[in-house]
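S.K.: Following the hints, put chain B with the ligands in place on chain A, whose structure we already have.
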Amino acid sequence: MIEIKKLYKSFGDKTVLNNINAVFETGKTNLTIGRSGSGKTVLMKTMVGLECIDSGQVLFDGKDMVTMSKKERHSLRESIGMVFQNGALFDSMSVADNVRFPLRMFTNMTNGEMDKRVDFCLDRVNLGNVHTFTTSELSGGMRKRVAIARAIVTNPKYLFCDEPNSGLDPQTSILIDNLIKEITEEYNITTIVNTHDMNSVMGIGEHIIFIHQGNLWWEGTRNEITNTTNQELNDFMFNNELTKLLKASVLEKAVK
Amino acid sequence: MKIFSEIGSYLILLKNVFHIPENPRLYRKKVIFEMRVLCLDSLPIIAVISIFVGAAIVIQLAANLSNPIYPRWITGYSSREGIMLEFAPTMINLVLAGKIGSHIASEIGTMRITEQIDALDVMGVNSASYLILPKIIACVLFSPVVIVVSIFLALMGGWLAGTLTGVISSYDFLDGLQLDYTNKSLIISLVKGLVYSFIISSIPAYRGYTVSGGALEVGRSSTKAVVESCITLIIANLVITNLLI
Ligand SMILES: Nc1ncnc2c1ncn2[C@@H]1O[C@H](COP(=O)(O)OP(=O)(O)OP(=O)(O)O)[C@@H](O)[C@H]1O
Ligand SMILES: [Mg+2]
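Protein chains in written order, with numbering that gives the first Met the number 0: chain A, 0 to 255; chain B, 0 to 244.
For reference, chain A alone in the conformation it holds in the complex (with noise of 0.2 Å):
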């Protein structure tokens, strides 16, 4: 379980995000819902200590990240996975040394068990056959499959997807939705997707935060999401003729 308390963060004069008061469940696919540059990449590198914050507290299981020892941080990094918005993908390895380097760096498994862990997350993410791909001869989407390979190969306890979706097609989109999903509930792990895709916050959407401009504006379910008389909310969940026909639909659904 994560939580974060009172978490103000802001860049010079300007206040990125604001009293941020949250709890992320564990098990839960919880989603992180905004418009562009509402803030979500920054309340998730503030989460993992990437930004030092202004005050307030990010509690793992209780301990508080901003706080902690250096050697404590280091430790409870080994057990989070990130997917950067961008992949950030080591461009000096290929796919494959990219996918093995936190079980070479952190786990004393032999080459073929390394080999076996990383063919098994690369087929997770539909990518059998790029392992001798550098980075650069990869496509949007599959760097950040790659990504999301690298974040899960070591079992983290704690799942940080920043966009995992975006810039896949639909089929990929819900392939990826589907396996944060499946590995959240499989092996447990608190999991946060930062996304703007509708599909997504349908489909794997638990628990979740709209924040808009830095403020955490509404917090619940995908279920509460189609009654929200949230009007900012409104606005960016069901913005076009193909959303509105789904809320309309769901509502009928419930009148009856």
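Treat the hints with caution; some may be incorrect.
[As the list claims (entries may be wrong)] For lysine-lysine, the following DSBU-like pairs were computed, each having C-alpha atoms within a straight-line distance of at most 30 Å: (1) A:K115 - B:K28; (2) A:K70 - B:K28; (3) A:K115 - A:K62; (4) B:K29 - A:K69; (5) B:K28 - A:K13; (6) A:K69 - B:K14; (7) A:K255 - A:K243; (8) B:K14 - A:K62; (9) A:K69 - B:K28; (10) A:K115 - B:K29; (11) B:K1 - A:K69; (12) B:K223 - A:K70; (13) A:K70 - B:K14.
Please keep in mind that the hints were generated in silico from the structure rather than gathered at the bench.
M.R.: For chain B with the ligands alone, kept in the frame of chain A given last:
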């Protein structure tokens, strides 16, 4: 004032760099890799520069010292001392500051702006140590090789050029080379090499590691890194020369 805070953060970075590795085996592999990429690949340019500059030094000295009031060994002797004490350690490392320094700064800087360093940090890797330590170790370990190769080739080039152009006889040159030889010059040369190779690997690493922004900043910081390494190297040269001579 800014320079002091820069030096402060450089030292703090170095403190993080010199850290017991999480996985020594991986580090050893990286050192060998960096040696190949940074050092071995620099040998051709070192060789070319050494041979030609060595040749120029000898021809120049022989011409300037052709007056019969000077002993005939003076050209060989001064070439040896000049090449060992200044040319091989200082000038070659200045050249390497350009080659290795810009390489290190742009490589690490690119990793910074593409969030690869963040990715390492999130995994729990000490990114400063993992990225920088193998480069520094590779450069420092390799510096004696650079110095020795450079001295040898420069003197060879000088000897060839001097005798082929006829400005000095082979006997006089070799006689001068051997005159009063002690290992002191070689040791000074090697010490200088160790210090300079540390400078030209750690300063660019610091510049790369602390880049923020985009591709433009990576380019800028890599230029800055080379300029700063060169200046630091020249100052260090003055200090060491004063201390050791
Ligand atoms: N290093 C930084 N320095 C200054 N401002 C920053 C920095 N990083 C982010 N910001 C600002 O913080 C705000 C939130 O950015 P953030 O990247 O979190 O948005 P986001 O919600 O992830 O958007 P997107 O959906 O487009 O990824 C933006 O207004 C951005 O300008
Ligand atoms: Mg973002």
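S.K.: Work down the list of hints and note, for each, if the structure agrees.
M.R.: Now the hints, each set against the structure:
A hinted pair counts as satisfied when its Cα atoms are at most 30 Å apart, and K115 of chain A with K28 of chain B qualifies at roughly 22 Å. Of the pairs offered as hints, the one joining K70 of chain A and K28 of chain B holds, with about 25 Å between alpha carbons and a cut-off of 30 Å not exceeded. For the proposed pair K115 of chain A and K62 of chain A, the alpha carbon gap of about 34 Å is over 30 Å, so the pair is violated. The suggested pairing of K29 of chain B with K69 of chain A holds, with an alpha-carbon distance near 24 Å, which does not exceed 30 Å.
Restraint check: the Cα-Cα separation between K28 of chain B and K13 of chain A comes to about 44 Å, which exceeds 30 Å; the hinted pair is violated. In summary, the hint linking K69 of chain A to K14 of chain B is supported, as the alpha carbons are separated by about 14 Å, within the 30 Å threshold. Of the pairs offered as hints, the one joining K255 of chain A and K243 of chain A holds, with about 19 Å between alpha carbons and a cut-off of 30 Å not exceeded. Distance restraint check for K14 of chain B and K62 of chain A: the Cα-Cα separation of roughly 27 Å lies within the 30 Å cut-off, and the hinted pair is therefore satisfied.
In summary, the hint linking K69 of chain A to K28 of chain B is supported, as the alpha carbons are separated by about 26 Å, within the 30 Å threshold. Note on K115 of chain A and K29 of chain B: the hinted pairing holds, with a Cα-Cα distance of about 24 Å set against a maximum of 30 Å. Taken as a hint, the K1 of chain B and K69 of chain A pair is honoured in the structure, with Cα atoms around 27 Å apart against an allowance of 30 Å. For the hint pairing K223 of chain B with K70 of chain A, the CA-to-CA distance comes to about 33 Å; that exceeds 30 Å, so the pair is violated.
Taking the CA atoms of K70 of chain A and K14 of chain B, the gap is about 15 Å. The hint holds against a cut of 30 Å.
Of the hints listed earlier, those the structure fails to meet are numbers 3, 5 and 12, in rising order.
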